[in-house]
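Engineer: Okay, here's what each chain looks like letter by letter:
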Amino acid sequence: MLEFAVKGSKRYWGLVLALAAIAGVGVLTWLYQLSFGLGITGMSRDVSWGFYIAQFTFLVGVAAGGVMVVLPYYLHDYKAFGRITILGEFLAIAAVVMCLLFILVDLGQPMRMLNVLFYPTPNSVLFWDMIVLNGYLFLNVVIGWNVLQAERHGTHYPMWVKPLIYVSIPWAVSIHTVTAYLYCGLPGRHFWLTAILAPRFLASAFAAGPALLILLCMVIRKFTKFDPGWEQIQSLAKIVTYAIILNVFFFLCEVFVAFYSNIPYHMDSITYLFAGLHGYDAYVPWMWTSIIMMVLGIILLVPPVTRRNPMTLAAACLLVFFGAWIDKGMGMIAGGFTPNPLHEISEYIPTAPEVMIALGVWAAGFLVLTVLFKIAVSIKEEVRA
Amino acid sequence: MKSSRRRFLKLAGIAALGLGSRPVVDAAYAAVGGQAAPEPKVGRQPEALTAKQWAMVIDTRRFESAADMEPLIEACHSIHNVPHFENKRHEIKWIWETEYKHAFPGKENDFLPWEVKERPYLVLCNHCENPPCVRACPTKATFKNENGIVVMDFHRCIGCRFCMAACPFGSRSFNFRDPRPFVAETNKKFPTRMKGVVEKCNFCAERLAEGKMPACVEASDGALVFGDLYDPQSKVRQVLNDNYTIRRKQELGTSPAVYYIV
Amino acid sequence: MPTNNKRMYDKGMVLAGLVIFVVVVTFPFWYNLGKAAPPPEPVLTEKAKAAEKCVESTEFMKAEHMQLLDVWRDTVVRDAKRAYINPEGKTYMMSLSNTCLDCHDNKADFCDKCHNYASVRPYCWDCHIDNPKETE
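Residue numbers (my numbering), protein chains in the order written: chain A, 174 to 558; chain B, 512 to 773; chain C, 508 to 643.
Watch out, some of these pointers could steer you wrong.
Listing some non-contacts, in silico: residues in chain B with all C-beta distances to chain C over 10 angstroms [to be verified]: (1) Ala-559; (2) Trp-625; (3) Phe-665; (4) Leu-751; (5) Tyr-755; (6) Glu-762.
Covered stretches of chain B (in silico footprint by chain A; criterion: 3 or more residues with CB under 8 angstroms from a CB of chain A, positions within the stretch not fixed) [to be verified]: (7) 575-583; (8) 635-644; (9) 675-684.
If you're looking for bench data, these hints aren't it; they were derived computationally from the structure. Backbone N, C-alpha and C define an ideal beta-carbon position, used for all residues, glycine too.
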């Protein structure tokens with residue numbers, strides 16, 4: 174099947190080369206970071222995780238979001254999704270690849286990465302995160318590949334794949350739950366210290382992941398001979414609708430608890446993000462943009478007339494995706510570190526090289542996605558021809 | 512002879528990973544039926560000080576201004592080769608002075624006695640009895656040693672900084688770049704660090720091993736008291752008996768081993 | 508379906524490519540054939556000569572010093588034990604900078620020479636400060 178990855182139109186190769194070029198610049202910038210140290214980033218001893226870990230967190234969500242096409246098809250026998258499960262699985266692979274790369278570029282001593290295996294430490298959530306992320310990658314590679322190959326040959330996939338598919342469904346939930354546990358189990362980080370963090374992460378994941386998938390399906394519809402299907406897109410749109418409403422609802426629950434209880438610790442980070450604290454307010458416009466985007470997304474998604482219109486649906490998906498991205502990929506991490514444990518404020522602003530490395534990782538992930546989707550779409554086209 | 516030594520070293524390596532050295536070594540020799548050659552041993556220096564849980568009491572009444580603390584901070588940072596960065600983002604500190612509201616957030620009353628509110632407070636790693644940083648570390652690079660000190664193994668740290676997120680006291684610093692050029696005068700007896708690892712106060716484990724008190728305690732002229740929390744005869748316990756003390760964020764359950772007389 | 512064809516296309520090109528590949532990969536071996544540099548002899552300081560014996564025998568130290576140092580660092584850092592008693596009963600403080608480099612204060616001639624020859628770059632010195640006499 175790999176041969177489809179090297180046979181493509183000029184447009185395909187153009188995209189591949191463009192993404193490879195951005196990824197290449199990212200690698201060069203990372204080499205600079207390796208030689209200088211993480212000091213080229215905007216992180217500090219107060220905000221010790223930044224843009225990289227935030228992207229990682231957001232992308233774990235995108236990866237977990239893939240399960241929203243797998244679950245209805247395999248557990249509820251919703252036949253329509255059979256056509257696009259492979260897209261969900263391949264999107265999950267690309268997202269997990271980006272997650273692992275973001276962890277890699279965030280490490281101070283990446284050459285010692287294997288110490289996590291040499292000295293396994295079950296009391297560390299990071300240890301479990303390593304297991305669930307790599308496990309999820311493995312599951313999706315094995316399942317995706319076998320199911321696609323079977324489709325190509327017009328046969329049923331091997332029976333041993335079935336249990337893996339069933340395992341992959343709770344596993345998708347686990348990757349984002351464990352990722353939330355990285356944060357919500359830390360004493361003294363009150364912004365994260367909330368039982369609703371994992372549910373909130375999952376809600377935003379099941380909104381952002383399928384929203385991206387809808388956009389990708391639309392692109393495939395437009396540029397290839399394979400049609401993922403309008404019914405499929407509409408079903409995904411309903412999933413996005415409920416998930417983004419839940420996400421906003423969970424956020425409002427947080428706001429209520431913090432401000433009605435009036436406990437300073439619980440209010441501080443939210444105040445910092447949405448109104449600024451002690452004169453530091455770099456995140457305020459971003460956070461309000463995020464809220465407005467998510468609310469506009471809901472307004473466009475709930476009424477059937479706008480949900481069924483391809484233009485407004487695409488706009489809604491963009492709003493949801495970027496709204497969730499700002500919420501998680503920017504505010505969630507920096508907000509949790511501000512103010513610091515001594516109640517001082519160091520404002521975190523990512524630096525240019527830091528953003529370049531992050532862009533490089535995104536490009537690498539989309540390169541993987543492009544190649545995988547090319548293979549999947551070519552086979553779909555071949556089978557339907 | 513040569514091979515048995517080699518085996519010893521391998522086993523000692525395993526033992527150092529926490530399996531306990533004697534049984535492993537004995538079992539291995541019994542297994543090969545070998546005549547045990549004279550073996551090297553490791554142990555403590557006879558003058559080493561040990562404790563179940565080292566603890567510190569800081570008499571904050573003895574510090575009126577930041578200048579009073581300067582010698583303590585200087586003593587610590589100079590013997591441990593702590594670098595000095597102009598760039599605040601790269602800052603590294605093991606022990607430093609701060610205000611009441613920063614040392615004890617949530618405990619600030621509006622109408623505290625003036626001297627309590629204005630006096631500087633010394634903060635450092637609390638060497639918690641139940642440290643969240645140790646729980647978080649994915650490689651056991653930070654761990655609680657047999658004397659209750661929360662130690663950093665700089666050789667093993669991968670620089671993930673999970674411990675920094677986990678510490679509720681902001682006691683940890685990260686080497687955002689090579690620190691060596693920023694150490695004004697290196698103490699040859701203590702290593703510097705390399706870029707990409709986390710560091711923090713080690714309660715002067717290297718000095719305790721030689722029978723010396725921590726550098727800040729030695730420089731404090733009695734304002735800092737150091738001893739075994741679980742030895743009823745220790746000086747720390749006497750001071751805790753005679754004075755009302757508070758600890759930083761003790762409501763979080765980490766059980767800090769640094770106490771403050773206010 | 509791609510067909511499994513037993514024919515090899517562009518045989519000449521493939522074989523030529525293989526030959527070039529093998530030549531390039533093995534280049535360092537035959538280029539340097541018979542030109543191996545003699546192994547360097549580490550230089551002992553007066554103090555090291557006077558001590559006659561290191562913490563362990565010379566052969567042992569030559570072959571196993573890295574393992575010894577690895578055990579030392581784990582024992583010191585993780586087990587809070589800093590004394591090393593060798594088979595003869597002599598006690599040493601386990602410290603690279605303070606014990607090893609106290610005698611061998613000629614790092615360039617004692618350590619680096621062999622390490623460079625063997626093309627190993629231990630990063631001990633990123634943190635452990637070599638003896639001041641040598642840096643002058």
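Engineer: Does the structure break any of the earlier hints, and which numbers would those be?
Structural biologist: 1, 3, 7 and 8
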